[in-house]
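Taken in sequence, the protein lines are chains A and B.
Taking our numbering, the leading residue of the first sequence gets 85, the next gets one more, and so forth.
Taking our numbering, the leading residue of the second sequence gets 85, the next gets one more, and so forth.
These aren't lab readings, by the way, just hints derived from the structure by calculation.
Note that the structure is a prediction, hence the values are computed from the model and not measured.
All residues carry an ideal CB built from backbone N, CA and C; glycine is no exception.
Each hint should be verified, as a subset may be incorrect.
[Unchecked claim] Taking lysine-lysine and the PhoX-like style, the derived pairs with C-alpha atoms no more than 20 Å apart in a straight line are: (1) A:LYS104 to A:LYS123; (2) A:LYS183 to B:LYS249; (3) A:LYS410 to A:LYS127; (4) B:LYS178 to B:LYS123; (5) B:LYS184 to A:LYS247; (6) B:LYS255 to B:LYS377; (7) B:LYS249 to A:LYS184; (8) A:LYS395 to A:LYS410; (9) B:LYS321 to B:LYS123; (10) B:LYS178 to B:LYS127; (11) A:LYS183 to B:LYS178; (12) B:LYS90 to B:LYS127; (13) A:LYS178 to A:LYS127; (14) B:LYS183 to B:LYS321; (15) A:LYS321 to A:LYS123; (16) A:LYS184 to B:LYS247; (17) A:LYS183 to A:LYS325; (18) A:LYS321 to A:LYS183; (19) A:LYS377 to A:LYS255; (20) B:LYS127 to B:LYS410; (21) A:LYS249 to B:LYS183; (22) A:LYS247 to B:LYS183; (23) A:LYS127 to A:LYS104; (24) A:LYS249 to B:LYS184.
[To be verified] Here are some of the chain B residues that sit facing chain A, going by a computed Cβ distance under 8 Å: (25) PHE165; (26) ILE168; (27) HIS171; (28) ILE187; (29) GLN203; (30) GLU216; (31) ALA219; (32) LYS223; (33) GLU229; (34) VAL246; (35) ARG250.
Number of protein chains: 2
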Amino acid sequence: MEIIDKLAELGSRVEPALEKYLLKDTDAEFREAVLYQIKTGGKRLRPALTLAASLAVGGDVDSAIPAAAAVELAHNYSLIFDDIIDHSELRRGKPTLWKKYGITTAILVAVHYRESIAQALNDTRDPAAFHEVMARTLKSLVEGERLDVLFEQAGRMDEPYVKEKRRSDVKLSDYMDMVYKKTGALIETACVFGAMSAGADSRAISMLGGYGRNLGLAFQIGDDIIDVFGHEEVTGKRVGKDVEEHKLGNVVVLLALEELEQDERSEFLSILRKSSIGTSELKRAIELITCTKAREQAEMLRNRYAYEAVKSIEELPGTEGKALLKALAEFIATREF
Amino acid sequence: MEIIDKLAELGSRVEPALEKYLLKDTDAEFREAVLYQIKTGGKRLRPALTLAASLAVGGDVDSAIPAAAAVELAHNYSLIFDDIIDHSELRRGKPTLWKKYGITTAILVAVHYRESIAQALNDTRDPAAFHEVMARTLKSLVEGERLDVLFEQAGRMDEPYVKEKRRSDVKLSDYMDMVYKKTGALIETACVFGAMSAGADSRAISMLGGYGRNLGLAFQIGDDIIDVFGHEEVTGKRVGKDVEEHKLGNVVVLLALEELEQDERSEFLSILRKSSIGTSELKRAIELITCTKAREQAEMLRNRYAYEAVKSIEELPGTEGKALLKALAEFIATREF
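Go ahead and model the full structure; you've got the sequences and the hints to work with.
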């Protein structure tokens, strides 16, 4: 069985808990809207990481379920808002929550998700400690999303804050900071929660945190590569969506910009800064990227983080959990599109 | 000194804690937007209730500060989303958060508020217990807001969920249920948190919960009366805003409808169901209400709940805290507009 299928199987163990916490203190009439977001699918990668991390430090699956559920709910909580913020109408081929039910309902469901997270965390072995990590993590996600939006080079003309604080110059270090906050922090927390659920010592927690942090960065870099070079038939995602959305916060775009000569760099930036980017401009932008070594460099960067992830847990004894975590990092480092 | 000034003075004790939790794990560039909502003012009624409730069961102010801060942050968290949901551009005479900074920033700030609540609750004497009550309370607020929106008789034509589930018939019992969830639950929790912070026994917690629940209902009924009969010069609020917003979820409207004869009832409902309600229609609607005993009945209902609030705590020994709570309930029962 492929590693992704193994993890999906492990992650699916969290399903009953997701429903349990979401339906707690919930009016019958509200249930369908509340469950819609988690029923649109998702690979349950994050809860699988929590469960695998628990196994990797000698814990079991059952005692890590509430924390794993909290992490998956947090992921979906952030997706509901991301889709509103990005005006995204489709996710995994289905209407997004706000598109299906309306903005009011989407906001109310999201707030409800956050309280289900709190209720799940209260079933962990040390609620205060888990609540503290979750609070810091979600503040981090907010900051990452704030930066990602500020790294956009056009759009949001009805948003005074974004117009005022927009960044015209984004360095690779700014990108890494943003991506850690937006993606890495929650994947780090997924792994940390697994170790905490197993009652691991601070050294083991720190190792798994290191694994998650690096894996999260590798994962997001991989996503950025797919965005520019993926095949829609395989990924189900529109190619060049980040460019269309004016984003400097894509590592392939940033690496290409570093390498392009003055004229082409200006041409690329002027496309990114158009209020609306057409098909031919998108094609030209991707052509410009393709002339550079951005793809290879991004892949190298991704693989370096995947390698760091594996290294972070090399001192842990050999277990099924560790094997899963290692296989996932290797999968991310080698996946082709 | 008037009771409202005394409570404001007590409530102001929470200011440093509000800033502390909001600025925890917060980028310097984000601070202004994060603080804007609490700096637009507010009477700090809810944290004052927490502190007074603590005093009323023999506790002190200092140990109730984190819980009081959490309650005030929860109130502002809900206001940020309410203003987005209701497209409100002004609050307390200033631009609402989304109007000033844009929707994206408002959503991100709101999510940040929720995490500051979690961090405040972690500084209480029994984090898991406080987290549990807060989670239930915020789920209740979501449900109350959902019902309030579904009780609107027109508008939100871009919201499929609201269009489908809108209620054409709202009874007084539906209203009480909605108002308890939307307003009463958080005021109840404000008082319960005070008692919990003081380490009170379950009987005292339950008394203060009863006080808060009844006070919250009296408070919202008072707000509904002001909405229809208030003077803009005094209240700073536009008269008839609830009618303009097509709301059946105002007790004065509901009581008037119960009393009106068939023809006038239909006329009133048809005004409420117009996609846009003009000045002359609003005037006519208020005229129709004025012909009924809705105002007196609403005032009686308000006073009954204020009286129940006082009765809930009558067995508590006489303290400064109890005196404040009693005076507030009496103030709400007698305020003129």
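Tell me the numbers of any earlier hints that the structure contravenes, in ascending order. 11, 27, 35
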